[in-house]
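From first to last, the protein sequence lines stand for chains A and B.
Using the numbering used here, read the first sequence as starting at 579 and increasing by one per residue.
Using the numbering used here, read the second sequence as starting at 74 and increasing by one per residue.
Quick caveat, the hints were computed from the structure, so don't treat them as lab data.
For each residue, glycine too, the CB sits at the ideal point set by N, CA and C.
Below 27 angstroms or equal to it, Euclidean Cα-Cα: the simulated DSS-like pairs (lysine-lysine) are:
1. K166/B / K211/B
2. K623/A / K647/A
3. K700/A / K732/A
4. K144/B / K171/B
5. K732/A / K604/A
6. K623/A / K671/A
7. K86/B / K671/A
8. K596/A / K774/A
9. K364/B / K645/A
10. K647/A / K274/B
11. K162/B / K213/B
12. K604/A / K645/A
13. K604/A / K774/A
14. K149/B / K199/B
15. K623/A / K364/B
16. K211/B / K244/B
17. K171/B / K147/B
18. K213/B / K238/B
19. K201/B / K244/B
20. K213/B / K124/B
21. K671/A / K364/B
22. K647/A / K267/B
23. K213/B / K142/B
24. K364/B / K647/A
25. K162/B / K149/B
26. K124/B / K244/B
27. K671/A / K274/B
28. K671/A / K700/A
29. K671/A / K267/B
30. K86/B / K692/A
31. K86/B / K707/A
32. K92/B / K671/A
33. K732/A / K647/A
34. K92/B / K267/B
35. K274/B / K623/A
If we take Cβ atoms under 8 angstroms as the criterion, some of the chain B residues that face chain A in the derived model are:
36. Y79
37. E276
38. G284
39. A285
40. T286
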Amino acid sequence: MIEFSGVSKYYDQDIILKDVSVSIEKAEMVFLTGPSGAGKTTLLKLIYCAERPDEGHIVVAGWDIRKLKQRTIPFLRRNLGIVFQDFRLLRNKTVFENVALALRIHDMHPTEIKEDVFEVLKDVKLSHKANTYPAHLSGGEQQRIVIARAMVTKPTVLLADEPTGNLDAETSATIMNLFRDINTRGTTVLIATHNKSLFQGTGCRILYLRENQIEKELIG
Amino acid sequence: MRIFIYSLQTAFKNLWMEKWINFLTVLSVSIGLLILSTFAAITLNMDAVIKRWAMSFGLVVYVEDNLSKEKENKLKDLLQRDPDILEVKYISKNQALKELRNIMGDESAILEGFENNPLPSSFELKLKSELLHPDLVKGKASQIKDLSGIEEVQYGEKWLSSLNKITEIMKISTILLGSIILVAIVFVTYSTIKIFFYRRKDEIETLKLLGATRSFIRFPFLLEGLLIGLAGGIISSLSLFGIYTIIAMKIPLFMPSIKAIMVSLPLSIYLSVPPAGAVMSFIGSFIAVGKIRY
Ligand SMILES: Nc1ncnc2c1ncn2[C@@H]1O[C@H](COP(=O)(O)OP(=O)(O)OP(=O)(O)O)[C@@H](O)[C@H]1O
Ligand SMILES: [Mg+2]
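Whenever a hint applies, use it, and build me the whole structure from the sequences.
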């Protein structure tokens, strides 16, 4: 589902990723970990085309990123659900509207949108905040809205960048259950995190990113 | 269709959120359009006046002396069959003399000195209005003069060329003023929409990351521009109607002669201003949004 071969990425002169090759299968759940600044976010950005690789090939859900035309990028992204490390919620829209936006972009019918949004808000336990603006939510609540927005489209691939950074252990466990659910329904899940407790005992592959490379691969 | 409805909702929401900037933009657009349509109204009135003047323009064709009646009739026939000539009026020698006597009044005694009538017979011609251009009239005149039996062709050459100059100046200034104002409208909307676009840069970035197509991002901005232009156009049409009605009512009180000249504005002027505003503002916002890159 996600295929990196010999991928390198530079920011100006700084080398961030060097000759990275990795393959993630369909319906797999994989963790990406490593020290801060190792390039986890960068690797995810390469997958959703916010950054382009300087060397190597990337194939996502059958799309060769190198050959992707500007106007086809949105169609690649519609296969992805993304939990951004910096949330990217729209300030001037309510929680409901923020989540609904993802479905609007998918051109879904308004009544279906309503149903799906309320369902996913129930999953992240924030139905009661539907009409609140993001600025009036706690960090953890905002994070759960982002997760809801990423999942509501039932994506082929879910990319989560530090999805539990602002959550307590209990809520983290709830969110991880949601990820496992969506994963068992066939969605490929890639989670970038520092939080070892998320992947310990999961039996999932863990990619350990360090010094511009995937230094080692473990089983959680 | 759904994307259109959603874009329209977004556009209205954004228009409302930034109502002051938008109000000012609409105002500028409507002032521009009002100036333009007022000028168009003046031009139309002037045009009507000029057309009336032009009606009085004629050529006088003097026939050679002692041409037979038969040949004169033939000439008349020839002139009447010319599609460029609207009207042919024959004035015989005797008629001409009578007219001259009338004009001279008491002094017509001088005329008694002549044994024979010294005046030639003539034709007065009215040309089609499309032909009222100095060069065209000149061509026509010399063409007529080349017919056998014609002594001379006379017309108000100076008068015609000044008439033409006025028409020309009016045409050029309408085009000039029109394009300046239309460009100004494009620019005004451009800068307003550009401001909105920059203010919402973050939001747009997020939309892109969520998989929004270019149209999804662009449409609300384009509609905003279009609505601004449309609103400006409607306001200016209504004001033009109001102003024109008041003027048409009040002016004859002071200057009765104007009333005779003033034409009522055709509906098409009122109807064409809003779409013109919409199109120009649409162009402005289209340029402002520019190319969207992922
Ligand atoms: N747009 C950019 N321009 C220049 N350098 C960048 C840019 N984005 C990231 N970097 C650099 O690339 C390196 C990797 O950043 P990245 O965000 O991928 O790290 P990360 O592993 O996600 O870290 P964290 O765990 O703190 O989120 C960092 O040193 C960062 O300074
Ligand atoms: Mg990061």
